[in-house]
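All chains, full assembly: derive it from the sequences and hints.
If you read the protein sequences in the order shown, they are chains X and C.
Under numbering that gives the first Met the number 0, the first residue of the first sequence carries the number 0, and numbering increases by one thereafter.
Under numbering that gives the first Met the number 0, the first residue of the second sequence carries the number 0, and numbering increases by one thereafter.
Heads up, a few of these hints could be off.
Below, in silico cross-link-like pairs of lysine to any residue (SDA-like), each with a Cα-Cα straight-line distance of 20 angstroms or less [to be verified]:
1. K219/X to R52/C
2. K219/X to A225/C
3. K219/X to H35/C
4. K169/C to T219/C
5. K53/C to E69/C
6. K166/C to E243/C
7. K53/C to S19/C
8. K53/C to A209/X
9. K169/C to G153/C
10. K219/X to K213/C
11. K169/C to D154/C
12. K53/C to D218/X
13. K219/X to E243/C
14. K53/C to G153/X
15. K166/C to G40/C
16. K166/C to T33/C
17. K219/X to T33/C
18. K169/C to S226/C
19. K53/C to E27/C
20. K53/C to V142/X
21. K219/X to A37/C
22. K276/C to G187/C
23. K276/C to F195/C
24. K219/X to G40/C
25. K53/C to P87/X
26. K213/C to Q228/C
27. K53/C to A48/X
28. K219/X to G39/C
29. K53/C to V220/X
30. K219/X to T219/C
31. K53/C to E85/X
32. K166/C to A125/C
To be clear, the hints were calculated from the coordinates, so they are not data collected in a lab.
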Amino acid sequence: MRLLALDTATEACSAALLVEGEVLERYEVAPRRHAELVLPMLESLLDEAGLSLSRLDALAFGRGPGAFTGLRIAAGVAQGIALGAELPVVPVSTLAALAHGAFRERGETAVLAGIDARMGEVYWGIYRGVEAGVMECVGEECVCPPQVVPVPPGKGWFGAGTAWACHGEILARRLGPRLAAWAGDSLPRARDIAVLGAGLYRAGRAVDPAQALPVYLRDKVVAEKADATDRGRE
Amino acid sequence: MRVLGIETSCDETSVAVYDSETGIVAHEIYSQQTLHAAYGGVVPELASRDHIRKLLPMVRGVVREAGGRESLQGVAYTAGPGLIGALLVGVAVGRSLAWAWGLPAVAIHHMEGHLLAPMLEPVPPAFPFLALLVSGGHTLLVRVGGLGDYDILGDTLDDAVGEAFDKTAKALGLPYPGGPALEALARGGDPARFTFPRPMTDRPGLDFSFSGLKTHVLQTLCRSDASPQARADIAAGFQQAVVETLAIKCRRALRETGLRQLVIAGGVGANQALREKLQAVVDEEGAALFYPRLEYCTDNAAMIAYAGWLRLARGERCPASFNARARWSLASLR
Ligand SMILES: Nc1ncnc2c1ncn2[C@@H]1O[C@H](COP(=O)(O)OP(=O)(O)OP(=O)(O)O)[C@@H](O)[C@H]1O
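In structure tokens form, the structure reads like this:
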């Protein structure tokens with residue numbers, strides 16, 4: 000299995016190449032520099048592995064949620080490459096990627112992934128690690144104020160992502176005894192998107208390049224015009 | 000040589016293929032007008048969301064129509080000026096597609112596309128020429144010496160002409176986009192009933208100012224009975240004032256530069272009254288008038304593919320690192 004992955008959903012820009020279970024990655028926290036960085040990152044990965052696009056099975060990208068413009072950069076790059084190289088595309092949730100990062104780094108298998116959505120809201124997803132490379136969403140991802148995030152059953156949940164850095168106290172109060180620990184410093188990474196993407200690809204979840212579209216979660220953009228224009232400038 | 004062009008700078012998604020031997024071989028434009036009409040103007044986030052949904056299927060269709068990917072030698076895309084989020088969709092898709100195809104790519108200035116659009120006509124102007132660029136965001140008089148040789152002779156100090164049309168149309172209760180609606184209303188009006196100023200025509204220079212005219216319209220409207228006939232008369236008076244102002248500056252620019260060809264480009268170039276007036280001006284001055292067909296007046300990818308071909312043929316190449324620019328001065332091009 001050979002798969003190329005990219006993510007530009009948050010302040011981080013990253014790219015990864017998965018070749019027969021091994022992952023190479025480029026990762027940089029670089030706000031507003033995604034467009035500049037992403038193709039050179041992909042190029043340097045292919046160079047390092049001595050591979051061309053034609054030798055790949057699929058392309059995965061972080062489909063969101065995240066900053067709107069960043070999501071469209073990732074989707075646009077994925078669409079362009081996939082059409083050009085005739086590859087199927089695997090859209091991967093950035094919240095699932097955060098959850099998988101917590102699994103990879105700390106062995107967490109019950110993760111409350113949250114990304115700061117500004118305007119007093121968070122993007123939120125409840126994830127369970129089923130096996131290596133597979134994170135399953137419990138219920139549905141959503142955007143809402145931290146005071147009212149959906150709460151999972153049981154105990155031992157780990158909180159990951161910038162939502163926890165911005166609203167840690169509120170979220171901890173909301174979760175009560177269900178929460179074991181949290182860390183607010185992680186951002187979605189292409190290495191997790193690559194591994195999750197490979198799993199989804201095997202499960203038959205790859206799509207046509209034209210379906211490589213962002214999942215914004217926040218869809219009331221007109222009432223929130225100021226924010227939309229603001230994000231547009233990123 | 001064949002070049003794929005992509006345009007997503009505002010509220011049109013457009014894709015085209017230009018062939019250096021035969022001209023435009025495939026061209027599609029999708030307008031988001033109905034999407035934004037309810038808001039009385041373009042909502043940037045909605046525009047970007049629509050571009051990312053529509054662009055790829057259009058690229059596929061246009062490439063197929065042009066005979067497939069094998070016939071292409073390069074990709075050009077509008078990288079500015081415009082709405083940054085909207086631009087980035089076209090740039091990301093276009094640059095990445097070229098990268099995957101192993102073809103050269105080139106970033107195009109949207110206004111350069113407009114300036115060069117008349118070159119796509121069967122009888123094109125020859126360099127050097129004078130261009131009047133009139134659109135929703137620009138009002139420029141430019142001496143075009145050649146590709147990348149743009150001398151800005153006149154600019155607006157405040158509103159662009161298209162903006163003045165749109166704001167005046169709004170004040171008259173017309174639907175968005177106002178330019179074409181105002182022109183239609185003006186047809187049934189008497190331009191002589193109300194008098195409007197011809198801003199900045201009584202002093203030397205080639206700059207424009209349209210914000211005062213808009214205020215004048217509002218005052219006239221308030222003082223009138225606002226009947227359908229009064230509105231039509233105001234529309235006609237306003238349009239005549241704009242057209243005459245542009246005509247006076249074009250005549251002056253032709254005389255000052257000695258150029259004998261005048262090009263009208265940009266969305267307002269679709270205005271029939273403006274075309275007729277400028278035709279009269281060039282006839283009197285012994286010059287010739289050029290303008291692109293309607294399809295190439297508003298935002299389109301045909302002009303981007305064409306400008307892309309010129310720049311690629313000159314050996315220009317963009318690196319894999321891409322970007323878009325909301326603001327980008329035409330005069331800074333080379
Ligand atoms: N027949 C017409 N008469 C007057 N104005 C018109 C007519 N048709 C279109 N316009 C005006 O042209 C403008 C649109 O032109 P165009 O699409 O070239 O510009 P834009 O994309 O809004 O701005 P820019 O190209 O400067 O970024 C609008 O302001 C519109 O009202």
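Hints, verified against the model:
1. For the hint pairing K219/X with R52/C, the CA-to-CA distance comes to about 18 angstroms; that is within 20 angstroms, so the pair holds.
2. Pair hint K219/X plus A225/C does not hold up; C-alpha atoms about 37 angstroms apart against a cutoff of 20 angstroms.
3. For the proposed pair K219/X and H35/C, the alpha carbon gap of about 15 angstroms is at most 20 angstroms, so the pair holds.
4. Between K169/C and T219/C, the direct Cα distance comes to roughly 14 angstroms. Compliance with the 20 angstroms bound is thereby established for this hinted pair.
5. Taking the CA atoms of K53/C and E69/C, the gap is near 23 angstroms; set against the 20 angstroms cutoff, the hint is violated.
6. In summary, the hint linking K166/C to E243/C is supported, as the alpha carbons are separated by about 19 angstroms, within the 20 angstroms threshold.
7. For the suggested pair K53/C and S19/C, the alpha carbons sit about 27 angstroms apart, so the restraint of at most 20 angstroms is broken.
8. Taken as a hint, the K53/C and A209/X pair is honoured in the structure, with Cα atoms around 9 angstroms apart against an allowance of 20 angstroms.
9. The hinted pair formed by K169/C and G153/C fails the criterion: a straight-line CA distance of about 27 angstroms is larger than 20 angstroms.
10. Taken as a hint, the K219/X and K213/C pair is broken in the structure, with Cα atoms around 33 angstroms apart against an allowance of 20 angstroms.
11. A hinted pair counts as satisfied when its Cα atoms are at most 20 angstroms apart, and K169/C with D154/C does not qualify at roughly 24 angstroms.
12. With a C-alpha separation of about 18 angstroms, the suggested pairing of K53/C with D218/X holds against the 20 angstroms cut-off.
13. Using a Cα cut-off of 20 angstroms, the hinted pair K219/X and E243/C is violated, with the two alpha carbons roughly 44 angstroms apart.
14. At most 20 angstroms may separate the alpha-carbon atoms for a hinted pair to count; K53/C and G153/X exceed this at roughly 44 angstroms.
15. Restraint check for K166/C and G40/C: the C-alpha separation of about 10 angstroms stays at or below 20 angstroms, so the hint holds.
16. Between K166/C and T33/C, the direct Cα distance comes to roughly 18 angstroms. Compliance with the 20 angstroms bound is thereby established for this hinted pair.
17. For the hint pairing K219/X with T33/C, the CA-to-CA distance comes to about 18 angstroms; that is within 20 angstroms, so the pair holds.
18. A hinted pair counts as satisfied when its Cα atoms are at most 20 angstroms apart, and K169/C with S226/C qualifies at roughly 16 angstroms.
19. Between K53/C and E27/C, the direct Cα distance comes to roughly 11 angstroms. Compliance with the 20 angstroms bound is thereby established for this hinted pair.
20. Simply put, K53/C and V142/X have alpha-carbon atoms about 25 angstroms apart, too far for the 20 angstroms limit, and the pair is violated.
21. Of the supplied pair hints, the one linking K219/X and A37/C holds, its CA atoms being roughly 15 angstroms apart against a limit of 20 angstroms.
22. Taking the CA atoms of K276/C and G187/C, the gap is near 18 angstroms; set against the 20 angstroms cutoff, the hint holds.
23. Using a Cα cut-off of 20 angstroms, the hinted pair K276/C and F195/C holds, with the two alpha carbons roughly 17 angstroms apart.
24. Restraint check: the Cα-Cα separation between K219/X and G40/C comes to about 17 angstroms, which is no more than 20 angstroms; the hinted pair holds.
25. Taking the CA atoms of K53/C and P87/X, the gap is about 18 angstroms. The hint holds against a cut of 20 angstroms.
26. Of the pairs offered as hints, the one joining K213/C and Q228/C holds, with about 19 angstroms between alpha carbons and a cut-off of 20 angstroms not exceeded.
27. With a CA separation close to 34 angstroms, the supplied pair K53/C and A48/X exceeds the 20 angstroms bound.
28. The straight-line distance between the Cα atoms of K219/X and G39/C is roughly 18 angstroms, inside the 20 angstroms bound, and the hint therefore holds.
29. About 19 angstroms separates the Cα atoms of K53/C and V220/X, which keeps this hinted pair within 20 angstroms; it holds.
30. Proposed proximity of K219/X and T219/C is contradicted: the alpha carbons are some 39 angstroms apart, above 20 angstroms.
31. Restraint check for K53/C and E85/X: the C-alpha separation of about 19 angstroms stays at or below 20 angstroms, so the hint holds.
32. Taking the CA atoms of K166/C and A125/C, the gap is about 35 angstroms. The hint is violated against a cut of 20 angstroms.
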